[in-house]
Amino acid sequence: MSAVSRSVSEAVTTPPGGLRAVALPRSRRGSELAMLGFAIAIMAFAYASVGFGLNGHLPSGLVTYVVGFAVLVLAAHLAVRWLAPYADPLLLPLAALLNGLGIVMIYRLQESGIGNNPGAVISTLTTHAALTQLLYTAVSIVAFIATLALVREPRVLQRYTYTLGTIGLVLLAIPALLPASHSAINGAKAWIIFGGVQIEPGEFAKILLAIFFAGYLVSKRDVLSLAGRRILGIDLPRGRDLGPVLVVWAASLLVLVFESDIGTSALFFGLFLGMLYIATARTSWLLIGLLLFLFGAEVTQALFHHVGERFTIWLHPFAHGNQYGNAFQLVQGLEGMAFGGIFGTGLGQGEPFHVPLVQSDFIITAFGEELGLTGMMALLLIFALLVQRGLRAAVAVRDPFAKLLAGGLAFVLALQVFVIVGGVTQLIPLTGITTPFLSQGGSSLLASWIVIALIMRVSDTARKPAPQPIQDEGLTQVVRAG
Amino acid sequence: MNRSLRRLSIACLAMFVLLLAWVNYLQVFRVNSLASEPGNSRIFNEQFKNQRGEIIAAGGRQDQVIAESKLVKGGVYQRFYPDPMAYAPITGYDSVLGTTSPFGLTGIEYAENKYLAGSASNLAVYNLKGLFTGHSRQGASVYLTIDPKAQAAAYDALAAKGIPAAAVAINPSTGAILALASYPTFNPNRYATQDTNQLAKIDARYRHDPSRPLDNRALNDTFPPGSTFKIITSSAGFGTGRVGSATSTIPAPQFYRLPGSTHVLTNDGDAPCGDGHPQIIFAFTLSCNTAFGKLGATLGGQTLVSYAQMFGFNNFGQGASAPPLTIPLPVTPSAIPPGLKDPAETANSAIGQFDDAVTPLQEAMMAATVANHGVLMRPYLVQEIRAPDQEVVQDTQPVQIRRVISSKVAGYLTAMMESVTHNPSGTAYFTASPSATGGLDIAGKTGTAQNGRNNTNLNDAVFTCFAPGSSPQIAVAVIVKGGGFGAAAAAPIAVKIIQAYLGQH
Chain A
1 MSAVSRSVSE
11 AVTTPPGGLR
21 AVALPRSRRG
31 SELAMLGFAI
41 AIMAFAYASV
51 GFGLNGHLPS
61 GLVTYVVGFA
71 VLVLAAHLAV
81 RWLAPYADPL
91 LLPLAALLNG
101 LGIVMIYRLQ
111 ESGIGNNPGA
121 VISTLTTHAA
131 LTQLLYTAVS
141 IVAFIATLAL
151 VREPRVLQRY
161 TYTLGTIGLV
171 LLAIPALLPA
181 SHSAINGAKA
191 WIIFGGVQIE
201 PGEFAKILLA
211 IFFAGYLVSK
221 RDVLSLAGRR
231 ILGIDLPRGR
241 DLGPVLVVWA
251 ASLLVLVFES
261 DIGTSALFFG
271 LFLGMLYIAT
281 ARTSWLLIGL
291 LLFLFGAEVT
301 QALFHHVGER
311 FTIWLHPFAH
321 GNQYGNAFQL
331 VQGLEGMAFG
341 GIFGTGLGQG
351 EPFHVPLVQS
361 DFIITAFGEE
371 LGLTGMMALL
381 LIFALLVQRG
391 LRAAVAVRDP
401 FAKLLAGGLA
411 FVLALQVFVI
421 VGGVTQLIPL
431 TGITTPFLSQ
441 GGSSLLASWI
451 VIALIMRVSD
461 TARKPAPQPI
471 QDEGLTQVVR
481 AG
Chain B
1 MNRSLRRLSI
11 ACLAMFVLLL
21 AWVNYLQVFR
31 VNSLASEPGN
41 SRIFNEQFKN
51 QRGEIIAAGG
61 RQDQVIAESK
71 LVKGGVYQRF
81 YPDPMAYAPI
91 TGYDSVLGTT
101 SPFGLTGIEY
111 AENKYLAGSA
121 SNLAVYNLKG
131 LFTGHSRQGA
141 SVYLTIDPKA
151 QAAAYDALAA
161 KGIPAAAVAI
171 NPSTGAILAL
181 ASYPTFNPNR
191 YATQDTNQLA
201 KIDARYRHDP
211 SRPLDNRALN
221 DTFPPGSTFK
231 IITSSAGFGT
241 GRVGSATSTI
251 PAPQFYRLPG
261 STHVLTNDGD
271 APCGDGHPQI
281 IFAFTLSCNT
291 AFGKLGATLG
301 GQTLVSYAQM
311 FGFNNFGQGA
321 SAPPLTIPLP
331 VTPSAIPPGL
341 KDPAETANSA
351 IGQFDDAVTP
361 LQEAMMAATV
371 ANHGVLMRPY
381 LVQEIRAPDQ
391 EVVQDTQPVQ
401 IRRVISSKVA
411 GYLTAMMESV
421 THNPSGTAYF
431 TASPSATGGL
441 DIAGKTGTAQ
451 NGRNNTNLND
461 AVFTCFAPGS
471 SPQIAVAVIV
481 KGGGFGAAAA
491 APIAVKIIQA
501 YLGQH
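In order, the protein sequences belong to chains A and B.
In terms of the working numbering, the first sequence has 95 at position 95, counting the first letter as 1, and numbering is strictly consecutive.
In terms of the working numbering, the second sequence has 301 at position 301, counting the first letter as 1, and numbering is strictly consecutive.
Worth double-checking, as some hints may not be accurate.
[Claimed, not checked] Across the chosen pairs, the derived CB separations fall in these ranges:
1. B:391 - A:319: 57 to 63 Å
2. B:159 - A:316: 20 to 26 Å
3. A:150 - B:41: 45 to 51 Å
4. B:65 - A:124: 31 to 37 Å
5. A:298 - B:80: 55 to 61 Å
6. B:392 - A:186: 54 to 60 Å
7. A:374 - B:114: 46 to 52 Å
8. B:38 - A:143: 33 to 39 Å
9. A:143 - B:196: 45 to 51 Å
10. B:125 - A:316: 28 to 34 Å
11. B:205 - A:299: 55 to 61 Å
12. A:186 - B:208: 25 to 31 Å
To be clear, the hints were calculated from the coordinates, so they are not data collected in a lab.
The beta carbon of each residue, even a glycine, is placed where N, CA and C say it ideally should be.
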């Protein structure tokens, strides 16, 4: 309860007089609509380009896909006008552009080798994969709108800190407890599979744990940043403050090692470290965290064959026939990107089908091959912009919970892009996680859109003019509880 | 918390900058090293996406396409050889293994791959044009000096003979190769399959075939030259002044006991050579072994070697240290023992036995040198290379290797070689005289070379010649392995090639 009162007091201690004098800030929804138009146009051109690249004809589903996609993102735009009118206008168009390009690439991969199209058929993709992805987009946009509608203020979530944290951990644990037939895909035991439905709970746990970390750290950040003994010039935190966090970290790490999903494991730990750093501004936490991480990596590498193997193929992808064995996927991706060179082969004109499961973790290499270094850099810059706008929302908002939440979500987005793009390009050892918005699959897309909704909610909170009556009420209600 | 947020935002930026720098490294600086990784499927598939240039036999009145790439099902290009067997030793094959295997490409397909594939640096401007117009890369076409008519005649005649043989025809004044055939041969279309298992099967079958169909006998197989070597022995005799002219007499005993040996050299059928002191033209016409064996022994081994090397033997005397002749197909050097001294060995060498070994191309170069008034021209197969827009990007100019003999000596030799076919007692009178060939003026020399252990194998039939004797336009050499007499087995093939070539000019 102290967390809630603290945030209220902080919001109120800033002089309200200044705010009142400022004219109503512009909502910038018009700019957002214009940029969405660009995003839709780029998606449409890219989609047409796939058809021309593959067989010289406009692809048959052009109208369906472009109109369907346009309707969805415009619905999202209208919802933003209604539910978060002051949100950052850049976030929605950037996310929409990535999502649109993802659909285009999945369509391109699905069409490979079909009919008279050049290339080999990708057996792991159905002939309606792109349509399914469009459907996932529809579900995701609904979730995006629902998130904006349900979470009218970021601090609403703070009330459920521990509830959401528990749900997050349970979600993470479910695949480990399920039999492999209901949880394992391609070696990673990170799924819930029932009937034809596959859900990757880790994607949602990521958001829930970010909320939990935010709530927890808001209430504890004073303690965490002040107390402790000083050893070797480093301020160590007190053991009792460390407890719950260590438990969460160890639990998520354990669960993930049992699920053979190293990528998500690294992501959680990074998320936690990043948020801890935002909350305390203490470099000592980073040092402790990095040491813990290195220790964890060393231990897991020794204990689990698949972790050590990742290091071997990272360092020597071409040695001892690795390129035909464990490193096959990595090597095919690298050769594809090199084949694309600076300008790429053009959509539909490369050979991304050589990369096994190119539609999921390795989709960025397909972009690298067909759009070249140019397209690759554009995509990375879009991600970078998305992250920076998220962090900017965190800086702008006053509520510390919202600050932590937006900062954490933006940081985990950056980390996820770094881990997967760095992994498939041999910059760091490869760990299988999805590329946000681009990879095929509903869970990842849905989770990514919820993240954008939450960041936009924080951004809206930061930019919207404070309503008059609440302001006055707040003044009369000054409670120095913190 | 804003201070830590800003720091974190810098950290995020750093991560993206690192990624951006890394993909730059990957997609700019590592492009070549990754492209050359063994097993790079994209580089492998590249060959099917671009239209490979044509190979065209362009040395005759009408050009004939002998290798072309056509679009087949699945939108990929496949290589076709319209006249596969006749041209196999020239075109070689283009298999899916391409440059990834030492056996992936052979012949002109290998030698001119840079141009055919369109990757040569002087085609860069055309490739750049293609980049902007959206056309896929197209290879340059290779125009050969081969005359389709002469080539067809050569291959058909060899195939009709049905035993291992080879024929080469050269334009003596330029060195341009007009025909180059080898038998038995292979079908390069079989290698153009895109199924690598099928390819391995075909290749294994050809490679293990005892008739060695993949060998290019015209360039890479050597045979004893037999009596055709007497052209060189005569050249050395004239050149050193030991023999004054074609009508000078030389000693020619019926039986010539080789110096320091019990071996006795005889003429064909142990016949005498005239009165024992015939004119050299007479001994040449009848191909007396004793006359030229003795002449060789008199001249000495090293003189013989130096003349043979001027004609091209022992890689023009440079041995194995220098790069061998390429036309641009690599040519196996013909051989004479460089340290030849022993008089008995020299005598045998002088009549084309002992360890002498020639390629059919070397035989043709000998006749062509005489025909070109004593000047040896560098043989070549590729006349020009044209970019997809027909612009010539490379053009071959005839190159003089050296003057081997004076034009006077060449005149003596021409007279002697004409006598072989014109004189009723000449060794090739019955198969290559004007009356036997419908009025052709052929100047030639036959060879019937003993070979094998203790000379127990069938004799190799050799014939080297040029025509017309008065104004030579074509020099031809034919070797038929185990064919018997050069005049009977090899000369008729040479006559057919000459007829086909001169018949259209």
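Q: Kindly indicate which numbered hints from before are broken by the structure, ordering the numbers from low to high.
A: Checked against the structure, the hints that fail are numbers 1, 2, 4, 7, 8, 10 and 12, while the rest are satisfied.
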